Structures are given as structure tokens and as C-alpha cells.
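Asks: Letter by letter, the chains look like this.
Protein chains: 4
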Amino acid sequence: MPHKIDSKMRECIDNCTQCHNVCVETANHCLGLGGEHSSQHHQHVLLDCAQICAASADFMLRGSELHPRVCGVCAEACERCAQDCERLAGGDELMTRCAEMCRRCAESCRQMAACRFIAPTIR
Amino acid sequence: MPHKIDSKMRECIDNCTQCHNVCVETANHCLGLGGEHSSQHHQHVLLDCAQICAASADFMLRGSELHPRVCGVCAEACERCAQDCERLAGGDELMTRCAEMCRRCAESCRQMAACRFIAPTIR
Amino acid sequence: MPHKIDSKMRECIDNCTQCHNVCVETANHCLGLGGEHSSQHHQHVLLDCAQICAASADFMLRGSELHPRVCGVCAEACERCAQDCERLAGGDELMTRCAEMCRRCAESCRQMAACRFIAPTIR
Amino acid sequence: MPHKIDSKMRECIDNCTQCHNVCVETANHCLGLGGEHSSQHHQHVLLDCAQICAASADFMLRGSELHPRVCGVCAEACERCAQDCERLAGGDELMTRCAEMCRRCAESCRQMAACRFIAPTIR
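Going line by line, the protein sequences match chains Y, H, W and D. According to my numbering, the first sequence is numbered sequentially starting from 965. According to my numbering, the second sequence is numbered sequentially starting from 965. According to my numbering, the third sequence is numbered sequentially starting from 965. According to my numbering, the fourth sequence is numbered sequentially starting from 965.
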């Protein structure tokens, strides 16, 4: 049975991909801003989000049965990142864009996490 | 408050790192064996395990608050990989070693997933 | 001096990102096709391209001084992948699309590799 | 022709793996130290080294023909990281250990980059 990526999943892959990219760019941008923007907590939140978004996209692109689990964690990481970027943005354009992308990605990952059946491991 | 990696977490990082490596090596080895070893399912199981192990190790090395979630998914991916490698190993030395490493990694990831408190996102 | 991503680099980041995604999807698709498509060589070529494209994009998004070096290797990996996909495509739609994306990515990575000055390490 | 990982390559894989881990840990540690340790430059140097080390290890574990190229860039990234960690270490234990690991990894990557023949792309 071939792996079919439907439009819903395709959209989620796209969101994860874009979210990864804006998080990596924002992490660097925030190091430049300094202060709380370059704190361990804020940098973790951005790097965590970037890394799990990349994994999430790859699991869906491979058609892996476990993708709903990874999407579940990804939704959580995106939500945290959105909140922390909003908290610190203060009108910064890139951080605002990052927060919005994280929200959108969290929403589509939550849908992927919820609606999929995960086959038992033993075959 | 600095991030302290205790011996339990250090061991889990080590397991994830080694598990990643043996899965990448085994995936290639299985492509060479062909047949069901190079099926989408078996390759997914190996590549999924490799990728989430790497993420899991990085989350712990960074001291990210979300590491128990990633470890939880990692434990599941390792368990699946162990089972599928055992199913197909038939005396193959590398596949047997891969299955054992996955079991060990699953066990330590389950412990990390269970015993950690995840702070609420809002600070 | 803040990191500025100009339109040329932005385009290259985009190509690397899309190239990564289509290579991961094609690798899985080729496992389903079997035969030479699931050979070690063809799978390596696709996975190598996917991994170095992701690294290349991240180096540019971070504004890392070493990005021209990574782009140089990336161009080579993309070129190999394009050639191998064309060799095996035989009218397959996804493989043809993968080959085209790899060509486009190789071209923009070559430009990034060529036109950048790498500062000496000692500061 | 099966892929054989000889002891030289096995050692290089090991160095890349350990170097990746110590760089991720040190990057976080340096964010905690603040000042120049959390500058964009120092963080890039650490994250670049971590990411290309991981890619380098995977290329060797897969037995990819292009691994000498990735090892070449990896040697350069390790060298830069070693120098920058030494420059800023000032007796810090983790940074000193990171610098040493980077030196060792650079040395073995240079050997892998030099001694391998890369087959032409066309087959």
C-alpha cells in the first residue's frame, strides 16, 4: 500500500518546514539582540522547535506510522515557542512573524496528532 | 539555575547517541541485504529511530524542558525498531546488536519520560 | 554587524529546503519501487542530498561564515542526486521532479559557494 | 560490494559523534555564561561544528561516496571551533574539553578527507 500524502498532511509538512526555518533565523537574530533574547530558555525554546519541526516534516514525508506522536510533541514545542516569542517580541518584526508561524504550525500538528491511527508494532 | 546533567541523563544521552549510530549503519546494511530488509516499513522504523534518538540526545544536552516528551516518543520508536530488527535478524550480527541497543535505549528513555516534571509554558 | 540575508541567499535557502523535502519523499517512494531504486547507492545519493541540503539551509539561516563551504559540498551532492534520479526515472513523475529540484538547488549552491569570502578563523 | 567501516573510519565516526555532543552541551553552557560566550559568532561556531559533525558521522555510517567532502568541511568547522573555544575558555573545564575534542575530531576528519578516492558521479 503506497504512502499517500493528502493535502492536509502536505500543508502540515509545509508549516513544519517553514517553522523550522524561521526558528533558526530567529534564534540567530535573538543572539544579536542579547539580554533575555539570548537566554538559555529562549534559545532552547527556538532550537527545540526548529529541531522537532524538522523531524516532524521528515516523518510525514517518509510516511512513518509514528508521525502522529512526533506531531504531538511538535505541537507542544511550537506552542511554547509562540508564547515565548510573543512575550519578548515587543514589536520586533521577525519575532512576531516567528510567533505567528509557530501558532499555525502548532494548529496543524495538533490535527495530525489527533486524527491518525497508529498501527500496533507487532505485525 | 545552571543545567545539571546527572549520571542517569548522561547514560540516556549515551544510549541515544549509540542507538542513532547503529540504526544508520543497520539501515544501510539492510539495503544491501534486500528483500523485506529494504522494505519501506523496515527502513522507516530504522530511520525514525535514528532521527528521534538524535533529537532526544540534543534536547537533553541542551537541557530543554521538553526533553521528557521527546524521550517518550523516542522510547516508542526504539521499541518498534527493536521488535522489527529481531523479527528480521535471523542470526545477522549487526541487526542483533541493533535490536539490543534499541531495547537498552528504549528502557532509559522511558525512565527519562516518566520521572521529569515539565514546567508550564507560561512564565 | 547584523546578518543580512539578501534575495540571492534567500532563494538558495528556499531551494535547499525544498530539495531536502523532495529527496526524503523520493527516497521513500523509491523503496516502494524496489530494484535498483532501493539499492544502497541510490538511497545514499538521496539521503546524502537531503541531509546536506538541510545543513546548508541552516548555515545560511544562522549566517554562519562557513556556509560557502557547506554550499560547495551541497552543490556536489545535488548534482549526483540529479544525475542518479534522471538515470532511473523512466517517466516517473516524482523522480523527475526530484531531479529538477536537485539541478536548481545545485545551481544556486554553486553561486553561494563561489561568491563569498570566508573570514580567517583567528580574530 | 558491501560497505566496510575500517578502524580508522570507526574512530573518525566516534570522534564526530562525541564532538557533536560536547558542542551542543557547550553551546548551552556558553549561553549561561553570557557576554562574548553568547555572541552570534561563538554560538555559530559551536552549532556549525555540531551540525556538520553529525552529518559527517552519518555519511560514514551510510558508507556514502561523498563522505570525504563532508569530512573536509567538518575538519574546518572543528578547527574554527577549537580556536574559538580556546580563545574564550579561560580555565573553564567544559570549554577546554570541547576545544580538545574539536582538535581531535579535526585531525581524524582531515585524514578521511585526504585519503579517499571519490568515484565519478556518472556510473
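Among the hints, erroneous ones may be present.
Across the chosen pairs, the derived CB separations fall in these ranges [unchecked claim]:
#, chain 1, residue 1, chain 2, residue 2, range
1, Y, 968, W, 998, 16 to 26 Å
2, H, 999, W, 1055, 25 to 35 Å
3, D, 998, W, 1005, 44 to 54 Å
4, D, 974, H, 1055, 18 to 28 Å
5, Y, 975, W, 999, 51 to 61 Å
6, Y, 1064, H, 999, 45 to 55 Å
7, D, 998, W, 998, 14 to 24 Å
8, Y, 1051, H, 999, 47 to 57 Å
9, H, 1060, W, 1000, 20 to 30 Å
10, H, 974, Y, 1051, 27 to 37 Å
11, W, 1055, H, 1078, 29 to 39 Å
12, Y, 982, H, 1051, 45 to 55 Å
13, H, 1064, D, 968, 35 to 45 Å
14, H, 1054, D, 968, 43 to 53 Å
In case anyone wonders, no lab produced these hints; they're calculated from the structure. Owing to the predicted nature of the structure, the values given are computational and were not obtained by experimental measurement. The C-beta atom is built at its ideal place from N, Cα and C for all residues, glycine as well.
Asks: Does each hint fit the structure? Answer for all of them.
Replies: Tested hints:
1. The hint said 16 to 26 Å for the Cβ distance between residue 968 of chain Y and residue 998 of chain W, and at roughly 18 Å that hint holds.
2. Against the hinted window of 25 to 35 Å, the Cβ-Cβ separation of residue 999 of chain H and residue 1055 of chain W comes to about 26 Å, which satisfies the hint.
3. Residue 998 of chain D and residue 1005 of chain W have their C-beta atoms about 48 Å apart, which keeps the hinted 44 to 54 Å range intact.
4. For the pair residue 974 of chain D and residue 1055 of chain H, the beta carbons lie near 23 Å from each other, so the given range of 18 to 28 Å is met.
5. Taken as a hint, the range 51 to 61 Å is violated for the pair residue 975 of chain Y and residue 999 of chain W, whose Cβ atoms sit roughly 32 Å apart.
6. Range check, residue 1064 of chain Y to residue 999 of chain H: about 47 Å between beta-carbon atoms, so the 45 to 55 Å window is met.
7. Checked against the given bound of 14 to 24 Å, the beta carbons of residue 998 of chain D and residue 998 of chain W, roughly 55 Å apart, lie outside it.
8. Taking the beta carbon of each, residue 1051 of chain Y and residue 999 of chain H are about 53 Å apart, inside 47 to 57 Å as hinted.
9. One distance hint, 20 to 30 Å for the beta-carbon pair residue 1060 of chain H and residue 1000 of chain W, holds here, with the actual separation near 28 Å.
10. Residue 974 of chain H and residue 1051 of chain Y have their C-beta atoms about 32 Å apart, which keeps the hinted 27 to 37 Å range intact.
11. The hinted window of 29 to 39 Å between residue 1055 of chain W and residue 1078 of chain H is violated, with their beta carbons roughly 52 Å apart.
12. Separated by about 38 Å at the C-beta atoms, residue 982 of chain Y and residue 1051 of chain H break the suggested range of 45 to 55 Å.
13. Between residue 1064 of chain H and residue 968 of chain D the C-beta distance comes to about 22 Å, which lies outside the given range of 35 to 45 Å.
14. Remark: the range hint 43 to 53 Å for residue 1054 of chain H to residue 968 of chain D is contradicted by a beta-carbon distance near 22 Å.
Consistency note: the structure conflicts with the earlier hints numbered 5, 7, 11, 12, 13 and 14.
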